[in-house]
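Trainee: Here is what each chain is made of, one letter per residue.
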Amino acid sequence: MFPRLRSLWHNLRHRSQSERELDDEMRFHLETRIDDLVRSGLSLAEARRRAHIEFGSTEAYQVKVRESRRLTWLEDFVQDVRYGLRTLQTAPGFAAVAILTLAIGIGANTTIFSWIRAVLLNPLPGAGHPERVVALESLTPSNDWVPTSYLDFRDFRQYLRSLESLSVAYPMSVAVGDDRNTERMRAELVSANYFDLLEVRPELGRFFTGPERDEAQNAHPVVVISHSLWASHYHSDPAAIGASVRINRHLYTIIGVAPERFNGSMPGLAFQMWALATMHGQLHAMGDWMLQDRKTRMFRVLARLAPGVTIEQARGEVHAFGRRMAEANADTSQGMSATILPMWKSHYGIQESLLAPLSILMGASGVLLLIVCANVTNLLLARATSRQKEFSVRLALGAPRSRLIRQLLTESLLLSLCGLLGGLAIAHQLTGALQLLFPPETRPNLIRPPVDFGVFLFTLALTLGVALLAGMAPAFHAAAGNVNETLKEGGRSASTSRGSQRLRGLLVASEMALAVIALIGAGLFVKSFHTARAMQPGFDAHQVAMARFSMPSAGYDREQADSFCRRLREQLEHEPGVTSVSYSDYVPLSLGTGSWEDLQIEGYVPGPSENMKLYRSLVAPRYFESLKIPLLQGRDFTLQDDPAHLPVMVVNQEFVRRFLRTQYPIGVKVQGWGRWFTIVGVAQDTKIYRLTENATPYFYVPIRQIHRPEFPFTFFVRTTGSVTDAIAALQRDSRAVDPASPAFDATSLEDFIAQSLFTNKIAADLLSVLAGTAILLAAIGLYSVMAYTVARRTNEIGIRVALGARPADVLAMVIRQGLVFGLAGLLLGSLGAAALARVLSSSLVAVSPVDPLVYSAAALLAVAIVLAATAIPAHRAMRVDPMVALRYE
Amino acid sequence: MTEPAQLLPGTLDLLVLKAASLGPLHGYGILLRIEQITRGALLAEQGALYPALSRLEHQGLLDSEWGTSDNHRRAKFYRLTTTGRRRLREETQSWNRLVTAIALALSATTPES
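These protein sequence lines map, in sequence, to chains A and B.
Using our numbering, read the first sequence as starting at 748 and increasing by one per residue.
Using our numbering, read the second sequence as starting at 18 and increasing by one per residue.
Just chain B, same shape as in the assembly (with noise of 0.2 Å):
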């Protein structure tokens, strides 16, 4: 098995509300939701995670409240807003342009003159 890749900058906040947006999840279930969705990419730290939750939930596209775990233990709990979903979908669409015109760039054989 290779090293498993790095994040790219800027994405981790598309991966949180995407794994947010599958039904409300603590910070640690959301760790482990991307590591499943993205077959193992890691954070470099876990703890980058908050900042990020924080950062998205400051922005009004997640929504969080306290509850009881699996564990039997007191957790936060966050869930994807009206306001996030709309922002998970855009956030695909421009992803889904960049990378387009990523692999669009770099078919490109000759220059254009």
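Chain A extracted, bound-state conformation (with noise of 0.2 Å):
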């Protein structure tokens, strides 16, 4: 191509002199050539007439010579296109299977690329330079993640050097309205230089400035609105800003609308208004306390890094800092320490629980691919072998190889460009699917990920890998082929083509060990789901209705929220079936964890670094019983047991035989929330996270005790009748308790932590359809092959026939060889999936990688799709009449 391009760029830069040049050039070789006539004897002015009429007009052979300078390999590609979209005409079947095939995988690969992008790849659509940003987060003394408290972040923003500027997000979910008709809506509590750290330009009105970058408190009710906002409630009306609108009871003025690219700084996620972190108090209804208790650890922080500082100086810094602070304040943070990461490894977002199926799906599409490339280039090869007759003629005619090569993969792209098409269609209807990612009750605001430029440009690179990927063998075994040979046999040469039967045989059976790899993985997942679904948690979900409740997007102080507790509870024990009814803070098996509480035990001694942060559940009276947790020494507590009592705590079994092996529990001394608290009872240990946790030390303390209003708390009610009404009883009693603060999440606990699972079921579910499709690509393959084969030796066949071969013999020889390529690609994939699932063994719950049923039952399913793939074929091959047979060539 080289020497093409310098010519062409020679020709346009030189244009006149190479005109001049050809002038030359023609004139040259008259002036010769009349010489030469002059010296045999013509005159000169008959010579001079001969030369001319023998060259022809210079006029046009110059411009046959401009013709000849431009970019050939362009017309000969539009050529090729032309030729190729004629020849997929003569064959609709053909073409529409490998189209088909090939946009679902191209579709497939698409949505799931889209998804990533969306959450790990663009964390923060419509900031500026995102890739300057960071997420700050503390550390325990045991290296755990946790948010940052406001006095933490304020010293952070004072000293430190590597970073630009920080910023606090604080997502929470606020009512919007007034009593009679309240909207839930995400907003984000965040600094007054938020947006300016995310370089986002208001599309209207402005962002916090000036006074409102103080740090008085509940001083500034302004908000600013997402752009989504504006259009469904403002009717995009510039006139929005200055309007009042009432946030958990309380006027705020909106003063600036976002642009319609930002969602917010938690990645996946879309959030509808933004207020000051400093309004944090009023919009909880709990004063100020917060902001100014360094033990309050409930903020994100963000931050730009400075000019020229890497992340890891940055880190640096930070960890360093976070240690002299952890000294300086050791009352409240000893141990503790800071990191800086970027933004998608972040905590604190939808990117951490889709990080890992994310990543599993995206291996299972690139195995879906590349058995959809296995079977274009199966479909493709069978179609050149056919051809083989043509290709030859052309060789033989003058092509040069090269230029068949080009043809055939100008085929194969024809083809991956129809798929590329089909797939974008394809992930324009499923990207909204990552919605199902999520349970359905703690969906949140997702963004739809846009089938953008930058996914557009990731499936065009993937459609022309896939296009050379399939196209390059049958291109290059096409072009291989001895032109002799074939026009000397005629129509029968094809058959003879051993290499490119070996070429489809191993296809065949890496198709087959792709798709078992998928069954396989599926099928671990499966069984992984259904294994932890049947483990005991160590209370009883059966029969009991579950409903949250969150009080201070409502507005409640603390009386308020106690007294609303026992009126609801009051309403519900009257209910008929109702048994009991208790309210916690935490719902066991809830995504995410729950809080803890350093604690001092009166008579253990910690080790030097033992943690002492243990996790605890706030309950009302009666909650062992409504979970049917049993309590194994002591008692339940009681309605004394409020803040004018001694303070009661009772901890599991897990949490005596660590601390208290050599006490009897009751009335041990524990220190907690600077108080000391009695142990008035055991419980049984019971699974607080995860179905597959160990036992851990928890403990229980009552509700009433400790309770502050903004966190959330939840309602269980154990019935003897049918669990919707009971959680019908939930959404009415509270209604009629208090309009403005409805039950959300109203569900059978037995649903609820099912949710638990629900990753696992996701991945099970996700997996099955690939599995799915994949093996039924294979099997598509495999079919091709096998009808491809019977038909190429039918004269064979009704050979073997003639000289008495039986109908079952024919029909075992076929079978056989599909059996051949099955087995192959059935011990590859088995072998393959045992290397691979060790990779996933961390994904996977209470089952081993080589678990025997998976894979024997993968191995059953796709002996039986070869089965079943090759008994078309076999059955026609049986069929086969010998007289008709060896008249057919």
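Note that these hints are calculated values from the structure, not bench results.
Hints are supplied without guarantee of correctness; some may be wrong.
Stated by the list, open to error - Derived DSS-like pairs: lysine-lysine, alpha-carbon spacing no greater than 30 Å straight-line:
| no. | chain 1 | residue 1 | chain 2 | residue 2 |
| --- | --- | --- | --- | --- |
| 1 | A | 1375 | A | 1416 |
| 2 | A | 1042 | A | 1416 |
| 3 | B | 35 | A | 811 |
| 4 | A | 1042 | A | 1136 |
| 5 | B | 35 | A | 1416 |
| 6 | A | 1375 | A | 1274 |
To be verified - Reference excerpt, derived from the structure (chain A facing chain B, CB under 7 Å, subset only):
| no. | residue |
| --- | --- |
| 7 | 772 |
| 8 | 776 |
| 9 | 779 |
| 10 | 801 |
| 11 | 802 |
| 12 | 803 |
| 13 | 808 |
| 14 | 811 |
| 15 | 812 |
| 16 | 1036 |
| 17 | 1143 |
What the hints assert, rightly or not - Derived DEER-like restraints, expressed as beta-carbon distance ranges:
| no. | chain 1 | residue 1 | chain 2 | residue 2 | range |
| --- | --- | --- | --- | --- | --- |
| 18 | A | 830 | B | 116 | 18 to 28 Å |
| 19 | A | 788 | B | 90 | 16 to 26 Å |
| 20 | B | 103 | A | 1056 | 50 to 60 Å |
| 21 | B | 103 | A | 1179 | 54 to 64 Å |
| 22 | B | 41 | A | 847 | 50 to 60 Å |
| 23 | B | 41 | A | 826 | 31 to 41 Å |
| 24 | A | 1219 | B | 116 | 30 to 40 Å |
| 25 | A | 847 | B | 103 | 48 to 58 Å |
| 26 | B | 116 | A | 1608 | 56 to 66 Å |
| 27 | B | 103 | A | 770 | 30 to 40 Å |
Here the structure is a predicted model, which means the values were calculated and not measured.
In this text, a Cβ means the ideal position worked out from N, Cα and C, and glycines have one as well.
Got two chains here, separate frames each, mind docking them using the hints?
Mentor: This is the structure in structure tokens:
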């Protein structure tokens, strides 16, 4: 290609020069010719006449020379495309199967890539220089990530030099509107410099400025709204600026509208409004103490790296400074530290829970794409074989082999581009399905990942790769044909193409192998899900209805919340069938982690680095009865365990086993929240976060002795009647007690805890779909190869039958060949799966990566599929009539 | 003497390559060389040589250089490149195959049943 480009360049640059040279060249020709003719005896005039006649029109040839200098490959390409399109038209069935297959593979990969891009690769759409934005996270002494307290944040902001600016970001659910018409929205509480940090400019109005940047609490009731809220609630009217809106019963003024692309600082999620973090106390109806308590760690912290500072340098400074702060504030932060993470690794946001499933899905869809490639290669090979004669003729007529290869690659490119269109259509339909990766009850405001230019580029690159991968072997194979052989042997030659048969067998076997890997992967996740679901959590979720409440967003203070709970409990206890009612701040087996408290236990000396931050639940009386958690010793909490009485505590068995080996647990004193609690009971161990966890020390304290109204709480109702009725009762009674504080997530406890396995469930479901598609495609591949083989061997089969082979022998022969491919694939696939499953073992719950049941089930299914795919061609082979077959060629 | 045979379409490039393979030549020299090696097979018009030369040069099969001819005129001399040499070999083979195939086809007496 290079000399051509050089020559083209030369011609473009020295257009007139090359024209002149051509003139010179032709003149030289004519003059020399005239000389020669004169020398042979003609007169000069006659010689001149003859020379010009012999030469023809110089003008016309100059035009032709100019034409010959154009980029011929472009013309070749256009010609190839035309020819390719014509060829595809003549084989519509082939084209349809190939394009559909490609569309499925490309569509699946595009969809999953668009998810990964939206969640991981492009976490802050709308922000300027997002790669310089990082997350600052505090670390507990045991190196767990925790949010940061407001006081710590202020220190970080004041002293860190490697960070240009810092902002808090606190997601909360707010009630917008008046008592009669409330809407739940997602707001982000942020520092005044939040938008500057993210380099976002207002679409309309302004963001937080000047006086709003002080630290005065509850002083600036202003709010910035999202572009979508502006469109849906204000009809995109500029008059929205300055309008008032009631948020958690307080009036706020709208000062600005964020640009359309900006959704907030949590990757994949969309927020509808932004208010100042200094308004936190008012929005939570709890005064200002939370922003002044170093132990109230609840803020995410965003930061922009200072110019020229790398993330490692910043991490070093933050880590060292975090340690110094922990020493200075030893009473609250002993042993703590802090770190810097890139946004996509931050622990607060959906990317954390999506990282593992998305990686697995990307891997699975990659496997699917490989199968698609193998399938298309196979189809192309079959076609190439039957077109061998056409190729030979073209070669014989002088077409260079490279031209033939290019022709075939153009055809595979055409197919792939059609597949690309189909794939984009599929992806466009599917991107919204990202929602499905979340349990229905906790489904956040997900953005719908767009199939934008970036995704398109990925898909295009993928398509070109597929075209090359799938087209390469057939193209070279076709071009390598021996012209003499083919032309000599006429139409029969193709059946002798041993190399092509071997290649196709190899492809089918690898397709089966890949499909088996996908099957086994899906099988492992399905089994893992079912095993985990069958585990005993240590409490009884049957016949329990639950509903969650979030008082702060309804603007309650502590007394109001307490009275709400008391009245609701009384109402519910009078419902028919209800045997016990209680509430708590934590639902066992919820996604995410609960809260911990630093404990000091009388008579127990912790080891030097022992983590005494233990997780706990705040529960109301009769909690153990409602969930049927057996109390092994002591008593339940009562209504008397209120702020006015001595603080008490119930601990679990593991707590006793770990800390109270030598003592009788009842009566032991434990310090937490700066107070001494007395242990009054011991409860049986239960699963707290995951069904698969080991027993951990855990404790319960009465919710009325500790509760702060900002904690959401959950009511549990045990009934002897139907759970559906109990759920309805919960919704009805809570509305009756206070219409402005609706129950949300009212459901059965059983359904709710099924969510703790939601990731496993979705991985199992999606992988099953992908594996099903994979095995189907592999079956099509196998079928096409077997059908093709039988068609090619009709002659041979005819001879066999003529020589006395029985139909059963023919059947066995074809099926045997199919099984050879199938079993080879099965063996390879099982080995591959065993190797890969070890990588997945961290995502697999309660199932071994080489689970024999899963492997044998996959093997059985694969063999069944192989038999099914071979059956039709085998049947056809069996019915070959020797007379017809021998006349066939 | 019979009429000189016309060149078969598509064979001009091959002949130009062949002619240039025997040593650097200017356009007119190539024409003479072709006449010589084909024992008189003629181009319909001599001008047709120039689009062919330009095409082959454009494809990187020929290299050119201005020099002085035997009759002391400025002339453009063509030389075969390495790619050109390889192409000539390939084309020659494929030409031979075609000839064999056609000869075979013509010699077949009865068609296959």
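Trainee: Take the hints in turn and mark each one as holding or not.
Mentor: A quick look at each hint next to the structure:
no.: 1; hint: A:1375 with A:1416; result: holds (26 Å)
no.: 2; hint: A:1042 with A:1416; result: holds (22 Å)
no.: 3; hint: B:35 with A:811; result: holds (22 Å)
no.: 4; hint: A:1042 with A:1136; result: violated (81 Å)
no.: 5; hint: B:35 with A:1416; result: violated (105 Å)
no.: 6; hint: A:1375 with A:1274; result: holds (28 Å)
no.: 7; hint: 772; result: holds (5 Å)
no.: 8; hint: 776; result: holds (5 Å)
no.: 9; hint: 779; result: holds (5 Å)
no.: 10; hint: 801; result: holds (5 Å)
no.: 11; hint: 802; result: holds (5 Å)
no.: 12; hint: 803; result: holds (3 Å)
no.: 13; hint: 808; result: holds (4 Å)
no.: 14; hint: 811; result: holds (4 Å)
no.: 15; hint: 812; result: holds (4 Å)
no.: 16; hint: 1036; result: violated (81 Å)
no.: 17; hint: 1143; result: holds (5 Å)
no.: 18; hint: A:830 with B:116: 18 to 28 Å; result: holds (26 Å)
no.: 19; hint: A:788 with B:90: 16 to 26 Å; result: holds (22 Å)
no.: 20; hint: B:103 with A:1056: 50 to 60 Å; result: holds (57 Å)
no.: 21; hint: B:103 with A:1179: 54 to 64 Å; result: holds (56 Å)
no.: 22; hint: B:41 with A:847: 50 to 60 Å; result: holds (57 Å)
no.: 23; hint: B:41 with A:826: 31 to 41 Å; result: holds (33 Å)
no.: 24; hint: A:1219 with B:116: 30 to 40 Å; result: holds (32 Å)
no.: 25; hint: A:847 with B:103: 48 to 58 Å; result: violated (42 Å)
no.: 26; hint: B:116 with A:1608: 56 to 66 Å; result: holds (57 Å)
no.: 27; hint: B:103 with A:770: 30 to 40 Å; result: holds (32 Å)
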